[in-house]
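Assemble the complex: chain A is given as a structure, and chain B must be docked to it using the hints.
Sequences listed follow chains A and B, in order.
Okay, so the first sequence: first residue is 1 according to the numbering used here, each after it adds one.
Okay, so the second sequence: first residue is 385 according to the numbering used here, each after it adds one.
Please note that the accuracy of each hint is not assured.
[As the list claims (entries may be wrong)] Calculated cross-link-like contacts (lysine-lysine; reagent style DSS-like; alpha-carbon spacing at most 30 Å): (1) A:Lys190 <-> A:Lys102; (2) A:Lys115 <-> A:Lys142; (3) A:Lys339 <-> A:Lys365; (4) A:Lys359 <-> B:Lys527; (5) A:Lys221 <-> B:Lys427; (6) A:Lys60 <-> A:Lys221.
[What the hints assert, rightly or not] Negatives, chain A to chain B, calculated, CB over 10 Å: (7) Ala23; (8) Lys57; (9) Pro76; (10) Lys85; (11) Pro117; (12) Gly188; (13) Asp215; (14) Thr337; (15) Val343; (16) Arg378.
Quick caveat, the hints were computed from the structure, so don't treat them as lab data.
All figures in this text were calculated on a predicted structure; none of them were measured in a lab.
Quick reminder that beta carbons are idealized off the backbone N, C-alpha and C, glycines included.
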Amino acid sequence: MEYQGKELFRRAGIPVPRGYHAAAPARAAELATPDIPEWVVKAQVLMGGRGKAGKVKFAKSPDDVASVAEEIMATPMPPNRQNPKGEHVNSVLVEEKLPITKEAYCAIAIDRTTKRPVIMVSRFGGMDIEEVSEKHPESIAKFFVDTAIGYSPFIGRELAFQAELDPGYRKAFPAIVGGMYELFFRYGAKLIEINPLALTNDGRVMASDAKVELDDDALYKNPEFKEWQETLPLDEDEELAAQAGLGTRNFRRFDGNVGTIANGAGLAMATMDAVRNAGGNFANFLDVGGGANAERVRNCYELVVNHTGAKVMFINIFGGITRCDEVAKGIVEALNTTKSRKVPLVIRLTGTNEEQGRKILADAKMTPVETMDEGAARAAELAA
Amino acid sequence: MSIFLDKNTKVIVQGITGSEGSYHTSRMLEYGTKIVGGVTPGKGGQKTEHGLPVFNTVRDAVDATGATHTCIFVPPPFAGDALFEAHDAGITFAVCITEGIPVHDVLRVVATTPGMRIIGPNCPGLISPGKSLIGIMPGHVFKEGSVGLVSRSGTLTYEVVDLLTRAGYGQSTCVGIGGDPIIGTTFVDCLREFANDPQTEALVLCGEIGGSDEEDAAAFIREHMAEMPIVAFIGGRNAPPGKSLGHAGAIISGAFGTAQSKIAAFEAAGVPVADRPSAIPGLLAQRVPAAV
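Extracted from the complex, chain A is given alone in its bound form (with noise of 0.2 Å):
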């Protein structure tokens, strides 16, 4: 969150606005110093949008920041696209008002073509990047960093003048984007962001709003960010998918009534588009992952049925490392041992051991489809 991407800004030496975080209203106002003329008051949470939401608001005395931030704490951030849940609003942070001038926009990520962490600099800062990337894609200015290099300052006054950054921003500039990339290669980070970069009427320049994206694969480099992933609240699929003892990123629900299972994410992917091929509407995304077992696969079944409107179930395997037997037998035990409703089921088989697979269903009076496709039409005729 914000105040977290301050802290690690704080320490590069990213010079960033007088405040403090806190989880209570009280507190909040007890924090608040009187040599500071004007507060801002803005909700800690993971969700975009706050200013739109009303959850970033101004405050002039220490009682006006606890009722302020009472306000903000009271309700919940509503829904959107990305987050239909909304979330709560847990705490807040409180900074001195900038007295901002212009705004603009640095990050640094990483570049998927090129292979290399990619600066990129605008002059249209505190709006939504890729805003900016379709109304105004020539004001992004861009430096593909060598990693054998590094950081060196004359980058950072390279991209202030390609990107037409108001002279203001020239002498810090340099330092900050330094700042920025030694955080991101320290900690093994996917995106450093600020947005907006603040110049104040004073000449101060400032990180108005501060976004550090950690890479899960390397927190166990950096064990004190484990506590702050850990907090980091998982949306309902990706809780679904871990008490089913799935990787979070391999269960989505949807909308439609056809629900799939299938191995390995690409096939899974394939299988939902074989599904809307043949008119019907996947209800899910599901990729057992590899080796699945007989648990797996009724753990799988159960997620499905019990937290997706699926009326049929397409099971799509191909067994390659996977072998049909053990799925098959899954499916067999899934379907005698639940106690979840039963759905018809489509099952496709192929690949490894298939003939024993087969013959484990054909006992249990299961008769697999041959293809892909038409497993497909079959769940999406049973499901209309």
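Structure of chain B alone, referenced to chain A:
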């Protein structure tokens, strides 16, 4: 001919005594891959259950066996280091199966190991059917022939290969490049090799949503490979933006990486895009007859 490996390619396995490494070494040996040894630090001098020599370092393994290729099953925290070690010992071709390597480790490795081709990480490896297999692909699905294949996914590759084989199209080399955002070898890297391979007469490219690798491939084809019959497939046409489905790389953000943009790029390059895997052999047949 084939690309990247043939029946004489000498391969070592890093992490050969681990459970994954050991199991897949057996499968590769069964397929006929010339595995000449493995590396597990501290177990040098021992023999594996397959009777292969174990070395403490990649350098020892290369000196003793003359291996040029390595297959890496080392856990994520040590996989970047394993790649650096392979490069330092003179290995020219590394297949990295490991999933979950910190992305900055991968960035550093790909930027600083010139002369060593890396397939993956987080990939199923590659196979030249009838000759050699490095990785975890199920060899029995493949059949030797003249169609090259590059894919970002594993099981979808097997699905497509199975359809090709049934339709009478054998394969020259099939490469699973992996679905991560940063990978050592891209579609274009594979295309360059296939363009010069006498065995390869046609190509199938299996892409998916996310990134711009497919768009880059389309541009390369338009420029350099207009003569080669090529068919593409894009997985995830119906995936919503902003959500990653399984593969870390399969995420649509903004206008980038959508199935529509990839399909349009391929079609502009004269590459027909199958709307489903089962349509691939038919599209191929319009340009090259199947060898039944």
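Going through the hints against the structure:
no., hint, result
1, A:Lys190 <-> A:Lys102, "holds, 27 Å"
2, A:Lys115 <-> A:Lys142, "holds, 14 Å"
3, A:Lys339 <-> A:Lys365, "holds, 20 Å"
4, A:Lys359 <-> B:Lys527, "holds, 26 Å"
5, A:Lys221 <-> B:Lys427, "holds, 26 Å"
6, A:Lys60 <-> A:Lys221, "violated, 42 Å"
7, Ala23, "holds, 29 Å"
8, Lys57, "holds, 28 Å"
9, Pro76, "holds, 20 Å"
10, Lys85, "holds, 14 Å"
11, Pro117, "violated, 7 Å"
12, Gly188, "violated, 4 Å"
13, Asp215, "violated, 5 Å"
14, Thr337, "holds, 26 Å"
15, Val343, "holds, 21 Å"
16, Arg378, "holds, 15 Å"
Hint check: violations occur at hints 6, 11, 12 and 13; the rest are consistent with the structure.
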